[in-house]
Each structure stands twice: as structure tokens, then as C-alpha cells.
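Put chains B and C on the given structure of chain A with help from the hints.
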Amino acid sequence: MSRTRTVPTENLCARVEELSGESVFACYQCGMCSAGCPLTEEMDRLPSQVIRDLQLDDPTLLESNAMWVCASCLACEVRCPKGVDLAKLMEALRQIVLRKSIDNVSLDGMGRETIRKLPQIALVASLRKKTG
Amino acid sequence: MENGKMTQIYIMGKAYDVPTGITIMDAMEYAGYRFTRGAGCRSGFCGACGTVYRKDGEYRLEFALACQEMVEEGMHLTQLPFTPAPRPPYVLDELDPRENVLLQYYPEIARCVSCNTCTKACPQDIEVMDYIQAALRGDLEKVAELSFDCIQCGLCAMRCPADIKHYHVAQMARRLYGVSASPEPEHLKVRLNELREGAYEAQLDELVATDLDGLKARYAERQIEVASEEGS
Amino acid sequence: MNGIPYFPGCSLKDTASGFEDSAFYVMETLGLPLLELDRWNCCGTVYSLTADDLMHHVASVRNFVRVREMGADEVVALCAMCYNTLARVARRIDDDAEARDKINAFMNQEADYEGGVSVVHLLDVLRVRIGDDAIAEATTRPLEGLIVAPYYGCTLVRPKEVSVDDSERPTVMADLFEATGATAVAFPFATECCGTYQVVDRPELSLERSYRVLRSAVGAGANVVATACPLCQHNLEQAQREFGGAEERIGRLTIAYFTEILAAALGAGPERLPEDLRSLLETHVTIEGGA
Numbered sequence: 003m004s005r006t007r008t009v010p011t012e013n014l015c016a017r018v019e020e021l022s023g024e025s026v027f028a029c030y031q032c033g034m035c036s037a038g039c040p041l042t043e044e045m046d047r048l049p050s051q052v053i054r055d056l057q058l059d060d061p062t063l064l065e066s067n068a069m070w071v072c073a074s075c076l077a078c079e080v081r082c083p084k085g086v087d088l089a090k091l092m093e094a095l096r097q098i099v100l101r102k103s104i105d106n107v108s109l110d111g112m113g114r115e116t117i118r119k120l121p122q123i124a125l126v127a128s129l130r131k132k133t134g
Numbered sequence: 259m260e261n262g263k264m265t266q267i268y269i270m271g272k273a274y275d276v277p278t279g280i281t282i283m284d285a286m287e288y289a290g291y292r293f294t295r296g297a298g299c300r301s302g303f304c305g306a307c308g309t310v311y312r313k314d315g316e317y318r319l320e321f322a323l324a325c326q327e328m329v330e331e332g333m334h335l336t337q338l339p340f341t342p343a344p345r346p347p348y349v350l351d352e353l354d355p356r357e358n359v360l361l362q363y364y365p366e367i368a369r370c371v372s373c374n375t376c377t378k379a380c381p382q383d384i385e386v387m388d389y390i391q392a393a394l395r396g397d398l399e400k401v402a403e404l405s406f407d408c409i410q411c412g413l414c415a416m417r418c419p420a421d422i423k424h425y426h427v428a429q430m431a432r433r434l435y436g437v438s439a440s441p442e443p444e445h446l447k448v449r450l451n452e453l454r455e456g457a458y459e460a461q462l463d464e465l466v467a468t469d470l471d472g473l474k475a476r477y478a479e480r481q482i483e484v485a486s487e488e489g490s
Numbered sequence: 021m022n023g024i025p026y027f028p029g030c031s032l033k034d035t036a037s038g039f040e041d042s043a044f045y046v047m048e049t050l051g052l053p054l055l056e057l058d059r060w061n062c063c064g065t066v067y068s069l070t071a072d073d074l075m076h077h078v079a080s081v082r083n084f085v086r087v088r089e090m091g092a093d094e095v096v097a098l099c100a101m102c103y104n105t106l107a108r109v110a111r112r113i114d115d116d117a118e119a120r121d122k123i124n125a126f127m128n129q130e131a132d133y134e135g136g137v138s139v140v141h142l143l144d145v146l147r148v149r150i151g152d153d154a155i156a157e158a159t160t161r162p163l164e165g166l167i168v169a170p171y172y173g174c175t176l177v178r179p180k181e182v183s184v185d186d187s188e189r190p191t192v193m194a195d196l197f198e199a200t201g202a203t204a205v206a207f208p209f210a211t212e213c214c215g216t217y218q219v220v221d222r223p224e225l226s227l228e229r230s231y232r233v234l235r236s237a238v239g240a241g242a243n244v245v246a247t248a249c250p251l252c253q254h255n256l257e258q259a260q261r262e263f264g265g266a267e268e269r270i271g272r273l274t275i276a277y278f279t280e281i282l283a284a285a286l287g288a289g290p291e292r293l294p295e296d297l298r299s300l301l302e303t304h305v306t307i308e309g310g311a
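Protein sequence lines, in the order shown, are assigned to chains A, B and C. According to my numbering, the first sequence is numbered sequentially starting from 3. According to my numbering, the second sequence is numbered sequentially starting from 259. According to my numbering, the third sequence is numbered sequentially starting from 21.
With the rest of the complex left out, here is chain A (with noise of 0.2 angstroms):
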């Protein structure tokens, strides 16, 4: 690998808002998002955590699995009793990674045999969501 790319953690909550349009602050921790979402038992945090983390500007954040692991299925979207729209968060945290070269998937170790057997979109959803 030449240069290490590095990408900064400070007003992760700022930068959020700006790249999704949300206000985190909206959020009042019901827990709302975090019954509906399938995926909660393979993330180390909460989608409802993460949001607080945000409204706490955890530098840490970066490092979660949860944006990676969300499927964008929108089911926290569509339950917030807030309107507040944590895909659009999750989005906002890839992207911040995404957009310094810094691809969550990679297609050199995909395999023949994996895209062979997949319908396009797949393909086409996996890159857009963890590449950037």
C-alpha cells in the first residue's frame, strides 16, 4: 500500500448532519429503530446508539461495524416516531469513510463463483453502498 489514508473523527456530528440533511438531535432515544432493524445482532452498536453517540460526537464511532452491516432497509425510517431518518445517518458515516478511497468491500477477493450466481443488482447495490 503507498500513502495511508486517514479520515478524521472530529464533529463527526456536524459533518452527519451536513452530508444526510438530518437533525440528531431530534432523536429522544425511544429505541424505536433499534426493534426494527434486522441486522442489530451482528452490529457492536445499536442503531439507537449510534445516533446518541453522534449527538455525543464519539470519535469512536468510525470504527463500528454498524453502518457496514446495515442493509439500508429502511425499517428505522419508517418507524421514528421523530421523522428522524437514520439510514440517511448511516449513509452520511459510509460515506465520510467511502469518500477517502477506503472501499468496505473488496473486488479482488470476491471470487468467480460468487458474482456467477448473483442477480445484478446485488453487485450493483454492494459497490454503491461500501465502495466509493
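One should not assume that every hint holds.
The calculated lysine-lysine pairs, modelled on PhoX-like cross-linking and capped at a C-alpha distance of 25 angstroms, are [as the list claims (entries may be wrong)]:
no., chain 1, residue 1, chain 2, residue 2
1, A, Lys119, B, Lys400
2, B, Lys378, B, Lys313
3, A, Lys84, C, Lys180
Computed far set for chain B versus chain C, every beta-carbon distance over 12 angstroms [what the hints assert, rightly or not]:
no., residue
4, Asp275
5, Arg295
6, Asp314
7, Leu353
8, Asn358
9, Gln391
10, Arg395
11, Ala457
12, Leu473
Just so you know, these hints were derived from the structure itself, not from any lab. Note that the Cβ used here is the ideal one computed from N, Cα and C, for glycine as well.
This is chains B and C only, laid out in the frame that chain A set:
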């Protein structure tokens, strides 16, 4: 070339006065550059001389082949003699044309955002985005058809925001299509058979036995078929 | 225009061709054929969620230009992911003239898109323009014996702005199947995510999510799960392959596109239907003079 008239161009930022009406490649050599890379056939076929330029007062970049494009006043140019595009090894006979092998070997095709930047970069006026879209769908024939004029200059791959290697994808498609899907040339088989059976031996012997004057006379008298109005 | 402009999307042309083929049959039979857009391109699923991103909407907007070139102002999609992406971009671009201008300026070799193309899903067309009564009338092979669990997944019903029905308790597919004589069952996982694109690099995630969907469907007594998305179909099939050996009810399930089931009801020949649906029809449905 127009005698006496000169045109000012900028080669990698440095200004030169070159004769008006010559190609970029000739102009660069006139200015003292020697091509050790980035020149090949000099006839618009090998794709070695991919050139990026813009004109004075314009912000848009344009793309051309140095051996084909004429210099223009206020042209600012540079060359891209090589594109570091990976090409995975494959054995044609082992590929199944019914599968989407293009996507298997070049999964980055799925990153295409239909921005059309590749098409704009193509010096051969190929609808590059369209053939990448066809590749994504597994339409081998369409990729082969649309990419026919590709000379592998690499300008598309250099401009693509998704880092797709268009010309490698297209070449794989054309090869695979040729090997497994394009129709057999029946007329060629017939002719080859005729040759094997000696149908043309007598005529060839006669030609070989003709002297130089005789050959010249035959050449001068050869029949030329004029193409008809509605296609030849 | 005798028909409705149709956007296939990449997967429907090869990996999910059964979905398209059955849809063509259904719509021909019902008198509103699907007219494929000329020179369409990949919609670029999934919808890009950042506020500043316009590049990832270009692909969809280009397709809207194609719709206009056809002289139309609407387009129907089959693939739920394509439907969702196109529909969301259409709204975004309709609402934001500045974004529209920027995209038009960028796509300078196309005619400008002025907005106004409406994106609909086939389920909506079937419900509103054809109607369940017409489908009941056109049914030549009643599907009594089929117990269908309609699986919507995510992109058909979320976000609410583009949902084909109620986001939590949709019934549009159930109504459709009831019209053909089948029994439709509601099940709690009808709108739970199948795992979607996680299947690419973390297949264990999608296997688990899809397994839960299948288990919920058999729990409701279904013998068929109906899908509306090539990725849902793929993920559910993978889960069936993985867990169907150990759990017989899951192994015996038929998993098919809703158009394939509908095509069966409308008299499609068995050779046009997927194998598991064919077998199910043979064992469960009394064929009286059907094709």
C-alpha cells in the same frame, strides 16, 4: 500543411510555434520530441497516442489520437501513452458464453453510474457507456457490435470515476463472441474447400508463368466493380 | 400507445429472466403489454442517501429522458429495487429544480429532463388499471390449493412516499392472489429485509435474515412464497438450499415471482413456469381445461 503559416500550441505547458495543418504527433516531433512510447502505427489504428487537450479560453478537456488530430491555435495538450489497466488471465475455451463472464472477470462494471464520461473520452466515437451497460446485462453480442472500432487507447479507463476497464471488457466480449457465438462464415468454408480441391490451381499456375509485361497488362485491364447506388 | 413503458433493469435480462418472461405473458393476456424502453441503462440501485450527491441520480434521470423520448410520462418497473430507486429519484428531481438543472447541464448530450415522469410498480398497475375483478375473470387455471405468503421485502414498501401499499401491513399482493382463487396468508416477516446486498461479501447475514422469512412463512401455513425482487428471490432460494434439508417444510416451499404465480393462473403453459411451481400445481391444483 500551409506554407509559411504557423500555429501556437502548448505541449505539456510549454509554448511552441509549429507549422499549421499538421498533426499533433508531427507537431511534437517538429518541436523536438522523440517518441519512444506513445507512437505506433501513426495511422489511427493502434491506440498508442491517446492525447488530452483543451483550447485557449475553454475549460472542457477533449480527447484525440495525436497521429490523427490536427493542431489548432491555442491548443494545450498532454499525452497518455499508457493506461495501467489490469487484465485478468483467462482461457477463452474455458469460458461459458451463456454466463455473464464479463461481470465475473470485471465486477467493477457494476459500479457504472451511467455518467457517459467514457463516451465523451473516446476518439473513435464509440458509444462506450452503452456497451458497458450491455456488458452488465450479459448481452455479449451487443458489446461486440458496439465496440468494434475500439483501438484500446485507454482514454475511457483513465476518465472513468468507477475505474472500469472498458476496452478490456470489450475485447473479452469480442473474443468470446467470435469464438462461441458469432455465426459461422459458411461462404468461407465453401471457398476453402474449393481451394483444397484445387479449383484454382490452373489459374494460379497461369499467373505464375506470366512474365512481368504480361502481369502489368493484366493489371491494367482488371475489372473493377462499381458499387451500386444502394450499397455495394 | 398500446401498452405501458417498461423499465427492466439489468437482472431481468439474464439472472431473473423468469420474472420478466412471466410478466410479459401476464400483461399481454390482460391487454396492457409492457413496452421496453429503448436504450435504457442500469438505474444504479440503491438510492443514494447523501444530500449532496447528484452523480448517483444521473443514471435514473437518463432513463426518464428515455421515457420522454418514447412520448410517455410514466414507466413501470418490475424489480422492486429498480422501482424504489427510480421512484425516489423522480421525486427528488421533481422537487429540486436546482438539482435538475445541474444534472441536465452535466448530461449535456441528452435532451433536458423537465421532471414529471411518474414511476409505478407493476403491482400498482395491476390493482388500479386492471383490477382484481378483471384478473379473476381472466383466470383460467384457478389456484385453489395454493397457500401464498406474499413477501414484500423492503424496497416495495419503504419509504412511505414510494410504497405500493401500507408500509407495515400491505395487502396488494394478497388481494391479487385471492382473485386467482389462491389463499393468501399474512405472516409477520412479510416486510422484513432478506439481507439484500450483504449477500455479496457477508452471505451469512443474508442467509440468516432470509431463513427467518421462510420460517415465518411456513409458520403461517404457506406452500408458496411470492417475491417481487430478484435479490429477495435469490436470497430466499439460497436460504432454502442451506436450511431446507434440515427443515422439511422450508425445503418443500415453492419460491416464485408473483408474476410467475399469476401467469400460472392466467393459463401459462407449464414450460413457461419454474420447476417448483410446476410441481406444486400438479400436486395441489385441479386442472380443469387449463393450458
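Hints versus structure:
{"no.": "1", "hint": "Lys119/A <-> Lys400/B", "verdict": "holds (22 angstroms)"}
{"no.": "2", "hint": "Lys378/B <-> Lys313/B", "verdict": "holds (16 angstroms)"}
{"no.": "3", "hint": "Lys84/A <-> Lys180/C", "verdict": "holds (15 angstroms)"}
{"no.": "4", "hint": "Asp275", "verdict": "holds (33 angstroms)"}
{"no.": "5", "hint": "Arg295", "verdict": "holds (32 angstroms)"}
{"no.": "6", "hint": "Asp314", "verdict": "holds (21 angstroms)"}
{"no.": "7", "hint": "Leu353", "verdict": "holds (15 angstroms)"}
{"no.": "8", "hint": "Asn358", "verdict": "violated (6 angstroms)"}
{"no.": "9", "hint": "Gln391", "verdict": "violated (5 angstroms)"}
{"no.": "10", "hint": "Arg395", "verdict": "violated (4 angstroms)"}
{"no.": "11", "hint": "Ala457", "verdict": "holds (45 angstroms)"}
{"no.": "12", "hint": "Leu473", "verdict": "holds (53 angstroms)"}
Comparing the model with each numbered hint stated earlier shows that hints 8, 9, 10 do not hold.
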